[in-house]
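Peer 1: Can you build the whole structure from these sequences, using the hints too?
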Amino acid sequence: MRRSTAAAVGTLTGAALIVGVRLSVSAPVVPTAAPPAVDLANSRQDADPEPAASSTKKPSSKKPTAKPTEDASGEAGGSGLKNGIFKGSAAKNPYGTIQVSIKVAGGKITAADATYPVTGDSATINPPAIAALKQSTVKAQSADVDAVSGATFTSASYVKSLQAAIDQATA
Amino acid sequence: MHHAEHVMGTVVSIDLADNLPQDDLRAMIDDVCGWLHEVDRRFSTYRDDSEVSRLRRREIAATDCSTDMRHVLEACADLWRETDGYFDAYAAGPLDPSGYVKGWSVEVASARLAEAGSVNHCVNAGGDVRARGLSGTGAPWRVGIRHPWEADKLSWVLSVSDQAVATSGTYERGDHVFNPRTGAPARGLRSVTVVGPDLALADAYATAALAMGEGGIAWLAKLTAEGYDSALVTDDGRAFSSAGLPAAV
Numbered sequence: 013m014r015r016s017t018a019a020a021v022g023t024l025t026g027a028a029l030i031v032g033v034r035l036s037v038s039a040p041v042v043p044t045a046a047p048p049a050v051d052l053a054n055s056r057q058d059a060d061p062e063p064a065a066s067s068t069k070k071p072s073s074k075k076p077t078a079k080p081t082e083d084a085s086g087e088a089g090g091s092g093l094k095n096g097i098f099k100g101s102a103a104k105n106p107y108g109t110i111q112v113s114i115k116v117a118g119g120k121i122t123a124a125d126a127t128y129p130v131t132g133d134s135a136t137i138n139p140p141a142i143a144a145l146k147q148s149t150v151k152a153q154s155a156d157v158d159a160v161s162g163a164t165f166t167s168a169s170y171v172k173s174l175q176a177a178i179d180q181a182t183a
Numbered sequence: 016m017h018h019a020e021h022v023m024g025t026v027v028s029i030d031l032a033d034n035l036p037q038d039d040l041r042a043m044i045d046d047v048c049g050w051l052h053e054v055d056r057r058f059s060t061y062r063d064d065s066e067v068s069r070l071r072r073r074e075i076a077a078t079d080c081s082t083d084m085r086h087v088l089e090a091c092a093d094l095w096r097e098t099d100g101y102f103d104a105y106a107a108g109p110l111d112p113s114g115y116v117k118g119w120s121v122e123v124a125s126a127r128l129a130e131a132g133s134v135n136h137c138v139n140a141g142g143d144v145r146a147r148g149l150s151g152t153g154a155p156w157r158v159g160i161r162h163p164w165e166a167d168k169l170s171w172v173l174s175v176s177d178q179a180v181a182t183s184g185t186y187e188r189g190d191h192v193f194n195p196r197t198g199a200p201a202r203g204l205r206s207v208t209v210v211g212p213d214l215a216l217a218d219a220y221a222t223a224a225l226a227m228g229e230g231g232i233a234w235l236a237k238l239t240a241e242g243y244d245s246a247l248v249t250d251d252g253r254a255f256s257s258a259g260l261p262a263a264v
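Keeping their order, the protein sequence lines are chains Y and E.
Quick note on numbering: the first sequence equals residues 13 to 183 in the working numbering.
Quick note on numbering: the second sequence equals residues 16 to 264 in the working numbering.
Derived by calculation from the structure, the hints in this document are not laboratory data.
These figures come from a predicted structure and were not determined experimentally.
We put the beta carbon where it would ideally sit given N, CA and C, even for glycine.
Be a bit skeptical, because a hint or two may be false.
According to the in silico footprint, chain Y covers these stretches of chain E (three or more CB under 8 Å from chain Y) [to be verified]:
no. : stretch
1   : 59-69
2   : 76-90
3   : 145-158
4   : 181-187
5   : 247-253
Peer 2: So, in structure tokens, the structure goes:
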């Protein structure tokens with residue numbers, strides 16, 4: 013996960029600055045929920061993440077989507093940037109959708125982060141980022157084992173289980 | 016020494032591979048069986064006189080319960096939070112901590128064995144396994160994961176030492192795991208196996224993932240960071256496993 017963060021940093025820093033500039037002139041100040049935590053495993057289940065929908069809009073339409081969160085103080089710093097956490101609109105690239113968020117404190121951008129590509133094909137460029145389980149076909153094998161793990165059998169169904177056979181063999 | 020004990024509505028297989036006098040091994044097995052029956056008397060929802068039944072009928076308050084009961088209630092509450100509510104001791108209505116108790120009781124049993132001098136053993140409580148040290152062959156314990164459709168076949172074979180292997184599935188006792196969000200039987204996953212250091216947690220995680228349905232696949236992926244690997248099979252026969260699954264070669 014960290015490696016991909018580093019890989020994206022170049023793009024993100026640039027994007028964050030651009031978003032930051034946009035934010036500084038952004039008029040609507042509507043509190044929203046905090047930016048989504050970078051939570052790949054969960055978001056992967058959502059077939060079409062909400063941010064992707066806005067990515068088809070023209071760049072100029074992105075401005076209103078960048079809103080300060082509830083924890084934004086609203087006070088203007090010396091640079092004209094408002095303190096708070098700001099979320100950029102989602103940007104779609106051939107590898108997936110990236111959404112940048114920045115934190116402004118004391119009029120300066122103090123942190124930038126981003127959600128990662130979450131589409132299926134992103135796994136090819138971003139393997140460590142997604143701690144996904146790998147898919148295969150279910151095998152049916154017979155092997156010599158010491159114990160069998162399975163859904164809990166009852167006292168009655170035990171006699172038909174593989175574990176019962178093992179117990180018999182080792183008794 | 017090998018022993019199979021009927022207790023807690025299932026059978027617990029105990030395999031001690033230590034090179035110790037037979038009498039010592041026999042005494043250890045007796046101690047473990049005594050403990051498991053004590054757990055059954057205290058936590059069985061099928062016994063009217065169990066502590067859990069008296070707690071259900073509000074004859075006793077949670078604060079007046081035994082140390083073990085208070086531990087179990089606390090652990091169930093922690094797991095409820097940790098699993099976004101999918102591990103729910105109240106999923107079926109009244110308190111039923113069975114989903115935690117079995118794994119926990121075997122985890123405790125294994126610790127008791129280790130304390131008594133057995134550092135090489137494998138305890139299998141109806142499909143939930145806690146292994147320590149090495150098997151009688153001098154190699155790690157080989158634990159098969161039951162194939163979710165073919166009862167006499169295995170879908171994975173693991174090689175484990177000092178680890179727990181817990182499986183929850185819908186194929187053995189039908190719809191007994193419910194999605195607490197919908198109240199409907201869990202759908203999507205046929206079998207979920209979690210491998211990790213603690214059987215109580217591994218068992219609860221497997222049950223929670225089963226309740227989540229396919230969303231459980233991504234949730235399990237996050238657990239690998241905490242040292243819990245997994246292998247699962249979906250209702251339509253797809254298999255998933257984490258990279259760290261200790262598959263035997």
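Peer 1: For each hint, tell me whether it holds in the structure or not.
Peer 2: Quick rundown of the hints versus the structure:
1. With a threshold of 8 Å between beta carbons, the proposed coverage of the stretch 59-69 of chain E by chain Y is violated, since 0 of its residues qualify and at least three are required.
2. Counting residues of the stretch 76-90 of chain E whose C-beta sits closer than 8 Å to any C-beta of chain Y gives 0, which falls short of three, so the coverage hint is violated.
3. Requiring three or more residues with a Cβ within less than 8 Å of a Cβ of chain Y, the coverage given for the stretch 145-158 of chain E holds, as 5 such residues are present.
4. Check on the stretch 181-187 of chain E: 7 of its residues sit with their Cβ under 8 Å from a Cβ of chain Y, so the three-residue criterion for coverage holds.
5. Judged by the Cβ-Cβ criterion of 8 Å, the stretch 247-253 of chain E is covered by chain Y as claimed, because 4 of its residues qualify and three suffice.
Comparing the model with each earlier hint shows violations of hints 1, 2; every other hint is respected.
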